[in-house]
Amino acid sequence: MTPPAPPTLKRRLIRQLVLLQVAIQLVVIGALVASGHLVNFSSPENTIEILQEAVARDAGGTLSMRPTQRLIALRKTVPHLWFSIRDHQGRQVVEGQIPPEFARIGDTLDAVRQARLGWNAGDPPRQAARMRWVDSAAGDVQILTGPDSPVTWRNLGLALLLLVVELVLPIMAITVTATLLATHFVVKRTLTGLNAAAARAGQIDADQRGVRLPLSDVPGEVATLVGAFNDALQRLDDGHARHERFLADAAHELRTPLAILNTRLENLPDSAEKHRLLADAARLSVLAGQLLDLQRMKGHAGRLQRIDLVEMARDVVAEMAPLALAAGYEISLEAQAASVETEGDRDALARALTNLVQNAIDHAGGHGSVVVRVDAAGHVDVIDDGPGIPQAQRADVFKPFYRAHATGPGAGLGLSLVREIVRQHGGDVSLHDGPQGGALFRMRLPLAGAGRPTSLHP
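Numbering (my numbering), first residue to last: -10 to 447.
Rather than coming from a laboratory, the hints here were simulated on the basis of the structure. Each residue gets a CB set at the ideal place from its N, CA and C atoms; glycine is no exception. Among the clues, some could well be false.
Beta-carbon label-pair distances, calculated as ranges [what the hints assert, rightly or not]:
1) Ala327 to Arg224: 49 to 59 Å
2) Ala315 to Ala217: 55 to 65 Å
3) Gly438 to Arg224: 33 to 43 Å
4) Ala62 to Glu90: 27 to 37 Å
Work the whole structure out from these sequences, hints included.
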């Protein structure tokens, strides 16, 4: 099961900023609510509602106050409670010390259904009042009062709901939208350098060394990581260079002992064992030569020469004929054109073709024929009529150190080196079924002057 992709830095920043904005707004709004700037926890409207519920009229028409539970609680919670309740006939009930400025003002407000009575801004602080005509058990009465009383939970809930709908949600919607848009563009602009570094990292290839990630426009928090990555790339390049030098030195050191070994084997009496030893020595010589070819091509990428593939194949067939005949094969050359030219390193391509012929000799069953065929499209085929290679193994035969048969000859490097050399020339190697059921290895090389680069691919 593929693990889920981690959230992007942009998504994390947007989420955290939005949550931070919402948290700050909730704290600020909560503080304003708690301080009473947004929601009043006490109100004269609540006092009027309690008085409206308690006012009554006796049999003689006199106004009186019934001792309701809410009125009793109001008198306890508001020690300086005062109010004046009157009807249209001028009958009234009064309680508490009414401020002088409000003592007779109710008589002048008969035509006004409700009013808020207060003072101008900047005046010395004084008590305000609230007047309202209400319908009660005593009929239509005017209630004038000043002190606030605690609001009910129901009214407080309605006030908070109204606050959320009319203030909190619109502010949050605007803030969150602005944060989303601003963060998206700011983060996108900030990460431009990091995206460029990531794109450059995606282009790094094992065969293309010396590539480094750009540090320009990379955020300072990530620059250390990018620098460490570049240092790691440098260490890998240094290690790869040491490895290549070791292979080149080892291959070079093997050439003289192999030449001496070939000379001594040639002087042995003719026998089947001699031919097997010569084949093994030839295989080692080709392998060492290919290692040197790769190092030479990488070190001298500009050195090219025009190569006649037909002539090269003819030379390889002539050179490999004694080994093929001694191993029980007939070897031949088929050319569909008198001359087919490419550009590259002739020695390297000749050794690659030699390796394919050697591979056919080693694995085609010890009898039959090996055919080297060159066509006009720049294809060089090596065909045998042996058992072939199963389809399931074909994707692996070009991997380093892979061998179809663990007890077979070689170390599994030959075909890998062949593909590497051919790819250095802008071509490739593939494996197909032979016409007689065996294997067909095909080197595809670009024709000379066909628009290919004028240097080897490093």
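Comparing the hints with the structure gives:
| no. | hint | verdict |
| --- | --- | --- |
| 1 | Ala327 to Arg224: 49 to 59 Å | holds (52 Å) |
| 2 | Ala315 to Ala217: 55 to 65 Å | holds (58 Å) |
| 3 | Gly438 to Arg224: 33 to 43 Å | holds (42 Å) |
| 4 | Ala62 to Glu90: 27 to 37 Å | holds (28 Å) |
The structure is consistent with each of the numbered hints, conforming to all of them.
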